[in-house]
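A.B. asks: Which chain is which? The protein sequence lines are D and G, in order. Okay, so the first sequence: first residue is 1 according to my numbering, each after it adds one. Okay, so the second sequence: first residue is 1 according to my numbering, each after it adds one.
Bear in mind the hints are in silico, worked out from the structure with no lab data behind them. No experiment lies behind these values; they were computed from the predicted model shown. Accuracy of the hints is not assured; some may be wrong.
If chains are identical, the list can't say which one is meant, so a pair holds when it fits in one copy or spans any two.
[What the hints assert, rightly or not] The calculated DSSO-like cross-link candidates involving lysine-lysine, where the alpha carbons are at most 30 Å apart (straight line), are:
hint, residue 1, residue 2
1, Lys147, Lys30
2, Lys30, Lys260
3, Lys124, Lys71
4, Lys183, Lys71
5, Lys183, Lys147
6, Lys260, Lys124
7, Lys131, Lys30
8, Lys260, Lys13
So you can see what is in the structure, the chains are spelled out below.
There are 2 protein chains.
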Amino acid sequence: MRTYLDCIPCFFKQALKAARLAGANEDTQKRILDNLAAEIPNFPLSSSPPEMGGIVYRLVREITGEEDPFKEVKDEYNKIALNSYPDLKNKVIHSGDRLLAAIRLAIAGNVIDLGVDNPFDLEKEIEDVFKKDFAIFDYQEFKEALKSTKQILYLADNAGEVVFDRILIEELNKEVTYVVRDKPVINDALIEDAKFCGIDKMAKIISNGSDVPGTVLSLCSRDFLDLYEKAKLIISKGQGNFEGLAGSDNAPIFFLFKVKCPVIGNDVGCNDGDIVLKYNCK
Amino acid sequence: MRTYLDCIPCFFKQALKAARLAGANEDTQKRILDNLAAEIPNFPLSSSPPEMGGIVYRLVREITGEEDPFKEVKDEYNKIALNSYPDLKNKVIHSGDRLLAAIRLAIAGNVIDLGVDNPFDLEKEIEDVFKKDFAIFDYQEFKEALKSTKQILYLADNAGEVVFDRILIEELNKEVTYVVRDKPVINDALIEDAKFCGIDKMAKIISNGSDVPGTVLSLCSRDFLDLYEKAKLIISKGQGNFEGLAGSDNAPIFFLFKVKCPVIGNDVGCNDGDIVLKYNCK
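Based on the sequences and whatever the hints tell you, model everything.
C.D. replies: Put into structure tokens, the structure is as follows:
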């Protein structure tokens, strides 16, 4: 997905939020915004928003010297989500359609996103996602794709959310490769988060080689690209991965996310707050 | 009031909104944002937000060549408000405290503000403002100040809102000088708006000599400053005038506005959406 002009104010909001979480004082926060301002004229709108996300969080890391400003928050949400695991699992076990329930939970977990502006309430989110109709619902295609492959490439999004992904992976019953970011960026999941949430017990964990908050193929490692190019079925979680991959090729991707900003809603033809299971090749 | 870092994303939002209203295409919109980005590092946080507002709207005017991008919207709201005049007047006539009812209406009219992010519903706003308690309510001081002067300097805010000011001016029964902006900026009232809404029948209309969306004394004309310095009672409408004047001196100002952004809410010790009648010398 390209960058829209409405993303630009949001880049500044994100930078400010990250700078504050990194403990920067006001002068340092201003310096980060000034440096971001200098990047704006050079940033082509044909690039995807996570590419600027990468610049924003790199600036915050370099100027504050904080390698991982969201570390504590990530640890906290990993723990909160892991504590919910038995309840979440029960919810799936006692549902009429276990796969669909697990998909809904995976979307509910996608609300643990510190890169967007809205605060969130995880329990309420789970309740809402179970009541809500999907705005885009390529479930039939998803079930068919599942039947025809043994391997799945699963593109992770945020820490904490990983536990919700685990629930879905357990329902898929396939060989899953779980892909996280290579370096800290916002609260996106890293290898350590995936391990902490127990993904290593049921899937292979790899990094995509990049530090942007999404999957931008031109910035990913050759190892990841080899898997991506060969994949028969890719599950892409969250807005960041959608922004990086949408419209870029004909890959067999199912995008699974909650629309958390009006710009993406507009791009995908949904409203802010909608939930989506969208097949890339339809 | 100083500029807070949270104002910076908002400057970009305002620039984009104004550029679009001026009919700029996407390339021109981007050029406006790029030019704004270049101003950010040079803008001291000790300046007040309307000073940057002035820069933003000047950029939009210069780059689009549109001298008054909000002209149509201003005309529309002048007409809407003028059509409501008989009903508004009736509301005051049939209230127990006519002055207070007129103050409430003057605040309700302050919602006609295209510089802030929220959409508005004028009728609902009027209803709400009559139900709401003031978060800051220096009404006693205001009535006393009224008793001790014959002249009032009234600092206007937006087109359309002028009709609501007229209702209040009619209740004041004093010699009023009504001060508008000198050049178009957002939907702020100009001399032509004040005349269209009938202010010339009950008050002298002057401009403050500046084109920023607020009253920034260092940018105002000597003629205005002479009146300002001598004034015994100043009524200041809206956030922009508050941002420019709050804390700057010991002038006998009553700020009358609705809090329309969390940054100003924080500065004044109120919540977003609160209504305020605040005495500057308290």
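A.B. asks: All the hints need checking, so say for each whether the structure fits it.
C.D. replies: These are the hints, each one checked on the structure:
With identical chains, the CA atoms of Lys147 and Lys30 are never at most 30 Å apart, being 53 Å at best within one copy and 47 Å at best between copies. In this assembly of identical chains, Lys30 and Lys260 lie within 30 Å of each other by CA distance both inside one copy and across copies; the values are 27 Å within and 24 Å between. Within a single copy, Lys124 and Lys71 get their C-alpha atoms as close as 24 Å, which meets the 30 Å cut-off; across copies the closest is 45 Å, which misses it. For a Cα distance limit of 30 Å, the shortest separation of Lys183 from Lys71 inside one copy, 12 Å, qualifies, whereas the shortest one across copies, 50 Å, does not.
In the homo-oligomer, the alpha carbons of Lys183 and Lys147 never lie at most 30 Å apart, since the shortest distance is 34 Å inside one protomer and 67 Å across protomers. In this assembly of identical chains, Lys260 and Lys124 lie within 30 Å of each other by CA distance both inside one copy and across copies; the values are 16 Å within and 28 Å between. In this assembly of identical chains, Lys131 and Lys30 lie within 30 Å of each other by CA distance neither inside one copy nor across copies; the values are 43 Å within and 40 Å between. Both within a single protomer and between protomers do Lys260 and Lys13 lie at most 30 Å apart by alpha-carbon distance, with minima of 15 Å and 18 Å respectively.
Of the numbered hints listed earlier, those contradicted by the structure are 1, 5 and 7.
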